[in-house]
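In the order they appear, the protein sequences are chains E and Y.
In terms of the working numbering, the first sequence is residues 1 to 256.
In terms of the working numbering, the second sequence is residues 1 to 256.
Take the hints with a grain of salt, since some may be wrong.
One copy or two, it doesn't matter: identical chains are merged, so the pair holds either way.
Below are the DSSO-like pairs computed for lysine-lysine, each with C-alpha atoms no more than 27 Å apart in a straight line [to be verified]: (1) K187 with K89; (2) K89 with K193; (3) K39 with K193; (4) K58 with K193; (5) K157 with K187; (6) K144 with K171.
Hint data in this document are derived by calculation from the structure and do not stem from the laboratory.
Protein chains: 2
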Amino acid sequence: MNKPLILVTNDDGITARGIASLVEAVKSFGDLVVIAPDKPQSGMGHAITVNNLLRLDKAEVFAGTDCYACSGTPVDCVKLAIYHVMHRKPDLVVSGVNHGSNASTNVLYSGTMSAAVEGALEGIPAIGFSLCDHRGEADFEASKQVIKKVVTTVLDKKLPENVCLNVNIPKGKPGDIKGLKICRQAKAFWDDKFDRRQDMFGRDYFWLTGEFRNYDGGEDTDIWALNNNYVSVVPIQFDMTAYHALSHLHYWNNIE
Amino acid sequence: MNKPLILVTNDDGITARGIASLVEAVKSFGDLVVIAPDKPQSGMGHAITVNNLLRLDKAEVFAGTDCYACSGTPVDCVKLAIYHVMHRKPDLVVSGVNHGSNASTNVLYSGTMSAAVEGALEGIPAIGFSLCDHRGEADFEASKQVIKKVVTTVLDKKLPENVCLNVNIPKGKPGDIKGLKICRQAKAFWDDKFDRRQDMFGRDYFWLTGEFRNYDGGEDTDIWALNNNYVSVVPIQFDMTAYHALSHLHYWNNIE
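Assemble the whole structure, with the sequences as input and the hints as a guide.
Below, the structure is given as structure tokens:
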């Protein structure tokens, strides 16, 4: 069998330390193609570039890998990879390592995870990795060990169709991590705040800040796992239908 | 009881014809605050602005309504509305009318729908409206009648908690529409294509195109409803957990 073809992307941009750690961790598993944003694209969610052009430039970032910087979003990177660069579907999409948690509802805002979801939409096994540490000097050693374990398992056992994984790694040394835990997405939400500031012309601008609050007491959630030093592994799907509401809303079919 | 406070937004921008039709259709239901992007933000999905500032300028677009143009994404608009402009949660969020379908998996890419999903995250009843007609001269008469019917029902009967509606309206005159149909999201996907073009310096750029293909034969889907001249109403939730995969992946908990 040929070596697996692995697409590597992220949302922090091709020069981020997180993607370098990801490349290092997965390079022995197959042939890599790296296509990542040419600038930070955090919080871009499932955005795609429909009102503008896209640039894709060969980059010499990771020795021995086919590497491109893209002017678009993480989802654009996955689309360009499949439909323009590779001309076939890769065997695996890995995205990250994100600088900061993408647990719980952050999956919706996260470019890292949306790249993985786009992989799932294409029927490709896909994994988004995030380290719960925003700092520039974050330690990715534990992440690399986790990535190897997760990628080995996914390549060996595959994933259910149209399911990708949201893998979040607690901050700390490799020895601090208790193991992996399969979880559901916690019911936790951003309590937003906008800082009002002024430019040199006295004109207001706003900066989004806020606090992430967990309202979910369940011990089967990703937040619980992370708080207890487990790596959280949430299987993610893209059917947003609220199936539990369908029968409740059935009367809508009779509205004149 | 006070009149309901209704937040109106969209992704095509504050000057689009679709949001004008939406304002016209909902203005008799309550007090409106309109906060919409100052430029087209189609395909922005659930993107938020975390690496840049946000501008919010008072706009005189719709007489008799409190109206603002925002430099950010549709989700930014909802967040600014709740946490900065209104200082309370509105009773209803309406988004659209989008120029073009947001049925099926388009819900993931759609800024219109992500604004509604952000409403649901905040526990607010929310509805995204889209007309299956991209043309600038699209006829919004049928849409206005549909909007009135849907908003009346939602204000009267409420929605299940953390559920919003993805309402897509077939192209045509009001008389052509057979009724409303509660549906699930069809399994349909974009088959992407990138046009390679060249700028004046002979440098390549790419433009995303493609075709949307339905792989779902079900008669309970939004695509089926629209193809049969029904308004599709899909209840949407934001828990992306693949619950069906949890037990299958249980062995992950034992990986050393």
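Item to check | Hint numbers not upheld by this structure, sorted from lowest to highest | outcome: Those not satisfied: there are none.
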